[in-house]
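Chemist: Below, each chain spelled out in residue letters.
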Amino acid sequence: MKKNEHAGSRILLVEDEENLAKGLDYNLSEEGYVVTRAENGKQALELFAQNEFDLIVLDIMLPYLDGFAVAEKIREKAPQIPILILTARAGAIDRVRGLQLGADDYLTKPFHLQELLLRIQGMLTRKKWYKEITSDQPRYRFGDNEINFADLTARAGKQKLQLTQREAMVLRHLIDNKGRLVSRKELLEKVWNTSSEVETRTVDNFIVRLRKYFEPNPAEPIYIKSVRSAGYMFSELSQQHRKRKPKES
Amino acid sequence: MKRLRFLFHPVLVFVFAQLAWLSLLGLWIYWYVSNYIIFNQVGDKISPQLISAKTNILALIGGLVLLLAILTGMYLIFIYLNRQLNITKLYDNFIANVTHELKSPLTSIQLYLETLNCRQVPSSKQKEFFALMMKDADRLKHLIDSILEISGLEKKRIAYNFHLYEADSIIKTVIAESVDQFRLEEKAVRVTGSVEGQCVLDRDALKIVFDNLLDNAIKYSRESVQIAIHLAHTPKSVIIEFRDQGIGMAAKEQKKVFDKFHRIYSPEIPNVKGTGLGLYWVKEIIKYHGGSISVSSEGLGCGSLFTIELPIYQASKTHYMNRLLKLTQRRKKQQGAYHEKE
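First to last, the sequence lines map onto chains A and B.
With positions in the first sequence counted from 1, the corresponding number in our numbering is that position plus 11.
With positions in the second sequence counted from 1, the corresponding number in our numbering is that position plus 26.
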């Protein structure tokens with residue numbers, strides 16, 4: 012296996028099946044990660060409160076407190092920590108619930124080792140990249156909108172919003188390339204770290220959501236413009252018409 | 027609209043339908059009786075042939091029979107549908123419980139196989155991985171066996187091996203084997219009392235009963251396991267009291283714990299994994315032995331007391347016990363004949 016650029020990352024492994032936990036612990040440690048194991052939901056929250064982690068691998072059917080509750084409580088405290096749900100529950104309702112509660116990825120058992128390791132790497136890569144691009148400019152304003160990339164909060168006029176990390180990443184990438192055409196493929200590569208499961212339509216769905224949040228009229232976008240069959244472009248030219256200067260802090 | 031939804035519950039719909047039919051029947055009889063005299067009088071005047079007493083009585087009885095047939099039909103359909111609904115619920119529980127129980131060991135085996143395939147694993151670790159895989163394979167085998175055994179038990183196809191035993195020694199021996207299997211400390215399980223008399227038992231089935239009770243006591247004990255087993259007898263039965271210091275159960279759960287696929291979900295208790303088949307299996311085995319099992323608990327955190335009652339041979343259910351012994355003999359003969367043919 013290749014050398015891992017994220018070696019040293021701290022992973023909280025929440026899994027009550029001892030045999031499986033041992034195997035996961037061994038593999039993650041072999042990849043260079045520092046693994047801390049929790050056997051139940053309560054212990055996971057205790058460990059999370061006492062230590063710093065870069066990623067959480069979370070089972071759902073856990074003693075005392077299930078994985079959904081753990082994800083929810085962790086999300087309240089740390090909106091940015093990547094959470095990978097690893098569970099035997101493969102139903103669409105469970106998947107949606109897990110993702111709605113803030114999990115970044117959902118992998119069902121039995122899984123392939125390589126796939127799990129790649130997903131973890133991808134999540135850590137995105138986390139690192141997001142940290143890098145937001146560290147120097149955590150706040151950005153355009154029109155009546157203000158986005159705080161550090162805590163993923165936003166304000167559109169008087170309305171307050173909580174963004175998901177992916178929404179923030181799409182927006183950040185468009186803003187960083189303001190005035191330049193960004194293709195769907197590029198967004199997939201940069202934000203989704205190219206996943207075969209994600210289609211270009213997913214990008215369009217995210218754009219629709221962002222327009223709904225920040226455009227005065229989502230049907231006629233002035234900030235996030237479509238370039239027919241090519242991609243999207245972030246523009247603040249419209250504000251010149253309003254004779255308002257965008258502020259950056 | 028949600029408030030009115032209860033009106034469409036199958037039981038309520040069935041009761042309304044039955045009431046409607048019975049009201050119709052009552053009205054019809056009332057109408058018939060009250061108009062019978064007038065009919066007769068008017069009919070006699072208009073045309074004496076119009077009213078024939080014989081035809082009327084036949085029509086009345088025929089009508090009643092038809093109505094009763096319809097009522098019976100509706101009742102049978104209702105019973106059948108209700109059973110189907112219960113089966114669907116059981117099926118959902120089965121899928122939820124068993125899928126997880128099957129997937130977990132399978133995931134673990136797959137993970138170790140892929141690990142051994144992708145990495146240079148040192149030989150000491152390899153041995154550890156093989157041992158873990160064997161453990162998971164055993165777990166899968168145990169699960170599949172129990173599902174098949176229960177299916178056989180329900181269809182009365184199970185190949186039981188009943189023999190007459192001295193109750194005291196066989197029960198104590200089987201308990202000791204189970205305790206040994208779970209590697210419990212000696213002081214964790216205390217056996218007191220004794221019984222007199224003989225019982226018709228299947229040794230292996232009895233072990234399944236104690237294995238399941240011990241397994242539950244271990245899984246549902248927060249700290250160290252403490253089990254007290256007391257043996258006693260009445261003139262007709264052997265009584266085994268199995269008391270654990272586990273988390274116990276609420277009163278409403280006590281009736282349901284022996285139901286197939288029933289699991290107790292509560293945030294106050296550890297979310298123990300399982301199929302929901304263990305206690306159902308125990309109940310079916312005891313029932314097949316002509317005995318009974320019940321549970322009592324003073325509530326959450328107060329432990330549970332399982333009481334098993336088994337009939338003493340020649341003192342109770344003698345006919346049934348003899349039948350069990352005969353079934354075992356017949357099966358052995360059949361097996362012998364089959365082996366000779368081979």
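Accuracy of the hints is not assured; some may be wrong.
Each computed SDA-like pair below joins lysine to any residue, with the alpha-carbon atoms no more than 25 Å apart [unchecked claim]:
(1) K129(B) to R166(A)
(2) K161(B) to M72(A)
(3) K33(A) to L128(B)
(4) K84(A) to H123(A)
(5) K115(B) to G102(A)
(6) K161(B) to L127(A)
(7) K236(A) to L127(A)
(8) K161(B) to A32(A)
(9) K161(B) to E157(A)
(10) K33(A) to L179(B)
(11) K129(B) to K139(A)
(12) K139(A) to E157(A)
(13) K129(B) to S40(A)
(14) K161(B) to H123(A)
(15) K161(B) to K84(A)
(16) K53(A) to S250(B)
(17) K33(A) to P148(B)
(18) K33(A) to E140(B)
(19) K115(B) to A101(A)
(20) K129(B) to D77(A)
(21) K282(B) to D77(A)
(22) K33(A) to N143(B)
(23) K161(B) to P121(A)
Derived from the structure by calculation, the hints contain no laboratory data.
Chemist: Work down the list of hints and note, for each, if the structure agrees.
Modeler: Tested hints:
1. K129(B) to R166(A): Roughly 45 Å separates the two Cα atoms, so the pair is violated.
2. K161(B) to M72(A): holds, 21 Å
3. K33(A) to L128(B): Distance of about 18 Å is within 25 Å: holds.
4. K84(A) to H123(A): violated, 28 Å
5. K115(B) to G102(A): Given that 25 Å is the threshold and the Cα spacing comes to 17 Å, the pair holds.
6. K161(B) to L127(A): holds, 23 Å
7. K236(A) to L127(A): violated, 36 Å
8. K161(B) to A32(A): Cα-Cα ~14 Å, so holds.
9. K161(B) to E157(A): At roughly 56 Å apart (the allowed maximum being 25 Å), E157(A) and K161(B) break the hint.
10. K33(A) to L179(B): It is violated: about 37 Å lies between the C-alpha atoms, which goes past 25 Å.
11. K129(B) to K139(A): violated, 33 Å
12. K139(A) to E157(A): OK: K139(A) and E157(A) at ~23 Å, within 25 Å.
13. K129(B) to S40(A): Holds, at roughly 24 Å.
14. K161(B) to H123(A): holds, 20 Å
15. K161(B) to K84(A): violated, 34 Å
16. K53(A) to S250(B): Holds. K53(A) to S250(B) sits at ~20 Å (cutoff 25 Å).
17. K33(A) to P148(B): The hint holds at about 15 Å.
18. K33(A) to E140(B): Judged against 25 Å, a Cα distance of about 14 Å means the pair holds.
19. K115(B) to A101(A): Holds. K115(B) to A101(A) sits at ~19 Å (cutoff 25 Å).
20. K129(B) to D77(A): holds, 18 Å
21. K282(B) to D77(A): With Cα atoms ~23 Å apart, K282(B) and D77(A) stay inside 25 Å; holds.
22. K33(A) to N143(B): holds, 17 Å
23. K161(B) to P121(A): Status holds; Cα separation ~17 Å.
Hints 1, 4, 7, 9, 10, 11 and 15 from the list above are not met by this structure, while the remaining hints are.
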